Structure formats: C-alpha cells, structure tokens
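There are 2 protein chains.
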Amino acid sequence: MSGKNVATSSSIRKSELHSSLSDPVLDTMNFLNEITLRYPGAISFAPGRPYDGFFETEQVLAHLRRYLDHLTDHGASPAQVRTAVYQYGPTAGQIREIIADSLRRDEGIDVPPESIVVTVGAQEAMMLVVRALIRDPDDVLLVSSPCYVGITGVARLLDVTLGAVAETTDGFSLANLEAAIRAERAAGRRPRAFYLVPDHANPSGSTLPGPVRAQLLELAAREHLLILEDTPYRLVSPGEPVPTLKALDRHRSVVHLGSYSKTLFPGARVGFAVADQPVTGDDGRVGLLADELSKIKSMVTVNTSSLSQAVVAGALLAVDGRLSELNAKAAVHYGDAMRRVLDRLAERLPESRRAELGVRWHEPSGGFFLGLTVGFEADDAALTRAAEEFGVIWTPMRYFHPDDGGRRALRLSVSYLSPEEIDEGITRLVAFIESETSHRDLEP
Amino acid sequence: MSGKNVATSSSIRKSELHSSLSDPVLDTMNFLNEITLRYPGAISFAPGRPYDGFFETEQVLAHLRRYLDHLTDHGASPAQVRTAVYQYGPTAGQIREIIADSLRRDEGIDVPPESIVVTVGAQEAMMLVVRALIRDPDDVLLVSSPCYVGITGVARLLDVTLGAVAETTDGFSLANLEAAIRAERAAGRRPRAFYLVPDHANPSGSTLPGPVRAQLLELAAREHLLILEDTPYRLVSPGEPVPTLKALDRHRSVVHLGSYSKTLFPGARVGFAVADQPVTGDDGRVGLLADELSKIKSMVTVNTSSLSQAVVAGALLAVDGRLSELNAKAAVHYGDAMRRVLDRLAERLPESRRAELGVRWHEPSGGFFLGLTVGFEADDAALTRAAEEFGVIWTPMRYFHPDDGGRRALRLSVSYLSPEEIDEGITRLVAFIESETSHRDLEP
Chain E
1 MSGKNVATSS SIRKSELHSS LSDPVLDTMN FLNEITLRYP GAISFAPGRP YDGFFETEQV
61 LAHLRRYLDH LTDHGASPAQ VRTAVYQYGP TAGQIREIIA DSLRRDEGID VPPESIVVTV
121 GAQEAMMLVV RALIRDPDDV LLVSSPCYVG ITGVARLLDV TLGAVAETTD GFSLANLEAA
181 IRAERAAGRR PRAFYLVPDH ANPSGSTLPG PVRAQLLELA AREHLLILED TPYRLVSPGE
241 PVPTLKALDR HRSVVHLGSY SKTLFPGARV GFAVADQPVT GDDGRVGLLA DELSKIKSMV
301 TVNTSSLSQA VVAGALLAVD GRLSELNAKA AVHYGDAMRR VLDRLAERLP ESRRAELGVR
361 WHEPSGGFFL GLTVGFEADD AALTRAAEEF GVIWTPMRYF HPDDGGRRAL RLSVSYLSPE
421 EIDEGITRLV AFIESETSHR DLEP
Chain A
1 MSGKNVATSS SIRKSELHSS LSDPVLDTMN FLNEITLRYP GAISFAPGRP YDGFFETEQV
61 LAHLRRYLDH LTDHGASPAQ VRTAVYQYGP TAGQIREIIA DSLRRDEGID VPPESIVVTV
121 GAQEAMMLVV RALIRDPDDV LLVSSPCYVG ITGVARLLDV TLGAVAETTD GFSLANLEAA
181 IRAERAAGRR PRAFYLVPDH ANPSGSTLPG PVRAQLLELA AREHLLILED TPYRLVSPGE
241 PVPTLKALDR HRSVVHLGSY SKTLFPGARV GFAVADQPVT GDDGRVGLLA DELSKIKSMV
301 TVNTSSLSQA VVAGALLAVD GRLSELNAKA AVHYGDAMRR VLDRLAERLP ESRRAELGVR
361 WHEPSGGFFL GLTVGFEADD AALTRAAEEF GVIWTPMRYF HPDDGGRRAL RLSVSYLSPE
421 EIDEGITRLV AFIESETSHR DLEP
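Chains as they are written, first to last, in our numbering: chain E, 1 to 444; chain A, 1 to 444.
Mixed in with the good hints there might be a few duds.
A pair holds if it fits inside one copy or across any two, identical chains being indistinguishable in the list.
Derived EDC-like pairs: lysine to aspartate or glutamate, alpha-carbon spacing no greater than 20 Å straight-line [claimed, not checked]:
| id | residue 1 | residue 2 |
| --- | --- | --- |
| 1 | K14 | D336 |
| 2 | K329 | E58 |
| 3 | K14 | D136 |
| 4 | K329 | D52 |
| 5 | K329 | E240 |
| 6 | K329 | E56 |
| 7 | K14 | D283 |
Just so you know, these hints were derived from the structure itself, not from any lab.
Everything numeric in this text was worked out from a predicted model, so none of it was measured.
Just chain E, with the same shape it has in the complex (with noise of 0.2 Å):
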C-alpha cells in the first residue's frame, strides 16, 4: 500500500510536465470554479449547464430498453444482443445509421454511416479532427475568436499553432477569416482548417446568417480550407434553425461536429464528427477522413461506451430521428430563458444609460450564451467584487481569446437559471456594472 506518510523518491516538479499544463487559461478556470465555491449564495451566469426539469431518471433504462428491443426486432438473437452491450464495438461505433437517419430527417444532412465517427462528446471528434489534420508545426488551425476553451485546449495539448479570427460585433467575419488565411500563408504557413460555432456559439452567443454561410462555404471551397462546424447548441432555441454549414456543403469542406450533450443528455457523453472527405493514400487507394478519425480513435479511447450509444440510439428511436422535436420543450425554456434576460437588461439599463456606460449585447434567439460589452476591465479581480460585494458571478470572456482579447467584455450563461434568478440576477449585475463603471475610466 501507499499511505500518505511515506517517502517520496517521485516528486514532481511541475515544470517537468507538458506545457499544456501550465496554460493559464486552467488557472483561470480553477479560479472560476473557486469563486463559485468560495460565494454558495451567488447567483451564477457562469456555468453552461443544460436544463435538467424536463429529464427523468427512468427514462434512461426505458431508452435502453427501446434500442435493446429494435436489435431484437431486426433479427438480432438474445446473445447478438448480449454481445451488442457486451462486447467493444466497431471503433467508429454502432449506431452510426441512427444518427445518419436522425441527421437526414432533423437537419437534411444526407451523408453515409460511413463518413460518421461516434465520439465521447464532442470533445473526443476536436482531438480527432485536429490530430489528423495537423502534421507538423507549420500546419495552422484556425479558430474564431473568442471561442471556445475545448478547442484551443486540443491545440495546446498536441502542441498544434493557433491562429484566431477575431469576431466582429456583428459575430463572424468573413473578412477577418480571409485575412488570416493570406497572413498564414504569407508566413509560409498552411492553414488546415478554421473552427467555429456558427449556431448561439460559446462564448459570444452570436449565429451566422444564412447568406454568410452560404460566402463562408464558397471561401473555404476557394481557400481548399476545411471547415470544422461544431454544433452543440442547435435545437436549443425556439423556431426553425438556420440550415448547418454541412447541410449546404457541395464541396466536402465540412467535417460536421456534434454533441448529444446539450439536447438528449450531457452523462452520455456521446458525439460525432461527420467526415466524409476522400483520402488518398500513397498507393491510390480512397478512403474516407472518417476512417482515419477512427484510426486515431482507436489509440485515444478504442470505443466510445456501447451502454451510452444504446441509450442515445433508444432516445433518437423514440422520436423517428427527430432530435429537434424530443427537445422542443427544452428549446422553448432556453428560448424564454434568453428572452427574460434581454427584457430585464434592457429595462435595467435603457439605452442612454446604456450608451452611457458603455454596455452594448446582441440579441440571440436562444442558445446558453450571451455576450456583454462592458466599460471597465472584466477581469479576476472584477469578477472577485462581483461575487463579494454584488452576489452575482459570470465569466471573463477573456478567458475564451487565444489572443489578447475579451478584456471588456464578459460571458452570461443563461441556460441553467430559473426565472427568479434571471430577475434577481439582472440586477445585481447591473448594479455591479453601475459601481464598476463609475470607479473607472470609461472605454474611449
């Protein structure tokens, strides 16, 4: 055994380790989450927690059963079925026809089984994407920025360079991406691919227009840049969505990213990456960029948990495929979540005040996230007086730029509140802006 008062010949000095490590972006996380610990009475636009009322334990072993039962039902024997749950799957998963079927009817995405990989979360399809993709330092990903920590972190840990394409207050721009694109190569970089939210994106909230997706894909066509569409907050807003970047690809630009995490249940941890791009090998041979995700896969997490694919299979069986309308009542929430944070900023802080105080937001739809401008440094130690003397906490959205970014503005999530707490919330937090401002210098 190894008890706690034995010695240590093993003792590690922090800076021996990777340096993804000593990223600060992870202290600032940790000091977030100390915050949140350090000030239980506070009220949190902080963490992007889905709603959980509309979700019940035994739903759970009911969508289990339900997959269980169509194996059953497509001529699969009791001990087929035992070796389905059992056994490891196929590296690239086992339910890749349901979520192919789900993507054709919800989202008129029409792509092979093949050309799916399922992942632990979304996360898992970042690493794979990334790692494929980048082969030695003078292979650039690009990433709209602010954005969100998930990916950046993936490049720190594979030591992959980052290259940010500043958002403008109108959210994306094509602009800036075509910029970057020129700098890179310029710099005798190659620019692989360029990674975005384009639905209510973590952290700014903001979605790209239809006629923008439409120059977004014609570019990347142009550019022989891939697109990586991360698409963890569809269906999370009222109304019909804006089609996804890949439901519009002509050209293979786009390796589509999901998540089941924010719409059938985050414990899954179940998504997918969508690659249906042709690889050729040194011999002529064509495969698939999927069947290359799953090579990676294969040396990350071998499979993605068969018990957690069946219960998402059971879920997606449930409703024909169509995930939108298993979470409409959970779109409506974030819908009127997000709407009741609008109305009570805007009846806190009227316009003149507003302009005032240098306070400036967009207005999403739906999805968790909203981006404020502020007149002051939003930074660890605003955020500390926040907590302390207003009882509201939020996020720095400094945290969320790869380069100098973000210093002020900060991030509300609106996802996981009740309506008291929106209401109670606003105003603390204007009162917090009220005080900060007038201490400081306002934003020239």
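With chain E's structure known, arrange chain A on it following the hints.
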C-alpha cells in the same frame, strides 16, 4: 446535403495527415482484420476478446438500479440522483470512492479517492499519463517489448520518443531496463517512465514473479523513474494473484492503470489511473499527479459517461468491492482455456519434435495470451498461408515490437474460444507449423 456525386474540392492526400496515420502497425492490424473476414471458416487465435458467456444483458439494468438506490440510501434526493446520471460529473469521475474502496479490499492498494481519475478505458488513462509526463523530444517513454499496441499508439499520436526494453524468454528483464535507462541518459535524453503489463502481459503472456517486482520497485526509486503499471489481465486467471506493483509501492513510484473491460464488461469503457505522486508548482503549491491528469482529460473527453460509471459502480457494490469474486467464474474459464491450449500443444508437439522445429513457449497460469517462438518467419505471408491452407489464424508477434524483434514468434489468444475450437485450432496450428518449418530453413 453532401451526396456521393458532388464536386469535391477537399480531397486530402494521406501524406498531408499526421504521421501516426501512416504507422505500419495500423496497416498490419487492418491486414489481420481482412484475413479474418476473408476466411470466416478459420479458427482464430487472434482477437483478445473477453468471454461473454457469464454476462447477461439484464445485469446492466440491475447494476444501474443498484447504484441509483445506493445514492438514495446515502441521502440523495430524486433531483440529486437525476443530476448524478444526467449532468456532467466531475472530470476526475464520480465513483472514485467506490473504486478506492474496491482497490483496498481486493488488491491491498490503499490510496485516497483524490488520487484516482476515472477514464474511458485504460487507453485514455495511458493517453493522459503519457501526455502529462512527456514535455519535449528529450523525454523518453520506455516500454517493455513486445508491447501492447495501445501504448505505442499513444506515443506515436503525441510524437513521443519511445525506448524499447526487450523481454527475454523469461519475460521482463531488470538488466535490460537498467541498460536502457543508462543508454538514454548517455544520449542526453530523460527516461521519464517505464510502461509494462506485469500480469499475463499482452502479447507475451508473461507475469512478473514477486521478487522481480520488488527489484523493479527498488530500481524505480533509485533511478527516479515512474512505473506505469497496466493491469487489464489481473483477475483473469484462477488462484491468488501476485500483489500489484502499486500494492508494494513504498515511494509512490507507480502510476497504476486499471480497466474494467476484461472483468465487468468491455462495452462500459471504464478504466482509471491511480496517480498519487505529488506535483509541486512554481508557486510551491503541491497537488497530485491525478489533478494534472484531470486537466488533460478535460481536453480529451471532458468526462467519462455517467451511465457507464453508474453501471460499474453498481456491479462493484453488488460484491462489496470484491471484483475478484465477481470475476471468479470467468477466471476459472480463462485458466481452463489456457491449460487446454498448453495440453494440446504438448500432446501434438512432444519435446523432441519441438526442439527439431525450434518451437518454444512458456506456461501461463491464465490470462488471454500465449507467446509462441517458431522456427520460421511469422509474417503476413505466413499468416495468409495459415488461414488459407490450414484454417487457423494467429497474430504475428512482430506487430507488437516497437523495434525490429519478434520475427519468429506469434501470439495466440485463448480467451474467446470453446474447448472444441481450441482442440481443433491447435491441431490445425501444429499442422501449419510442421508444414511451414519443413518448407523453410530451421532457426539457426
């Protein structure tokens, strides 16, 4: 939609992708799969599949229910139970106490739950540990050779320098490890850790005797080398196992990697790392290596499926943490299978004939694998002849050698075959060996 006949501007050359995808091991594994598909009538000693005859699908539901009841019994409200299944849990896992308890009762490994990270199988645990420990190209990971392809795969994925420590006919060699450490240091590199499977290794089948374990631990402490102890084949042989390296570890030299894939069930994809090594930051703060592994996990899979964790926990609770008890029947099954393979080999190849043919093997008491030295090149061409002409499939041992070794050896996996298949399979294998050796030069 991106159908099959659309213009493709995104064709990728494989040479543009990461080098791990051009690794010959992937092609050879692929070749093995192709052979298996091409000769469905062949008896295959290739797949390392756990035997599933003792598994019933309904057990999964019972285990899940037991864990949920356990939470309720410990004071969780229905909403808290829902959250435990539905939401993301802590990145390090939500069943660490139950795993720590099981390790203490079953293995005499006494570590705090905080030193455990629950992972998506032991494969992810390898990924996390290797990523954490290897900082730059001067850091070397030493591996017992022949070696499980999962660890060499992780090394290739992360562009990590490998050093091979050759096994002898007796298995692990302390002298070879010492020589490897000295050689790496002489070349200006830092051997950071040594990976091995001390029980019923994959692929050689060898087990480290108790006294050698003590010597290995002394060496590790003296050389400040971490041992990565991978234990997938614990508890798959009858009788009392030799204590794990971690149970004997007095200096926190051992990072212990565990898996429930060969015992509870593969489809859950739950493993874990025990990493109780202290890590000291630049600011003097001391944490555990487990904390650092969790940070890396947050960039790889974020969480291990709550559902899979719940089922594993429920199974452990059913036997009060005594996994060995749960697995007793399977252990007898594997012991019987191995005994039968050894008996049939000895009958069909008496000692005198064995010597003439240059065939040798050792005598594992259980586990999944047996290494067989033969008197001919056991390559893909030989494998094709075995499948086509003799109806028997095995794995060339060279697949498992990071260096050039194992050319005249093969791996037999005994875990998944019935007694009748073993009898007929060994008859076919011996006929193949006889034919192969008479055609070719005998081993010098």
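Each hint, compared with the structure:
1. K14 <-> D336: Neither. Shortest intra-copy (45 Å) and inter-copy (47 Å) distances fail the 20 Å Cα cut-off.
2. K329 <-> E58: within (18 Å within a copy, 32 Å between copies)
3. K14 <-> D136: between (26 Å within a copy, 14 Å between copies)
4. K329 <-> D52: within (11 Å within a copy, 41 Å between copies)
5. K329 <-> E240: This pair counts as within: shortest intra-copy Cα distance 14 Å, inter-copy 55 Å.
6. K329 <-> E56: Within one copy only: 14 Å inside a chain, 36 Å across chains, cut-off 20 Å.
7. K14 <-> D283: For K14 and D283, the Cα distance is within 20 Å only across copies (10 Å; inside one copy 45 Å).
In terms of the numbered hints stated before, the structure departs from hint 1 and from no other.
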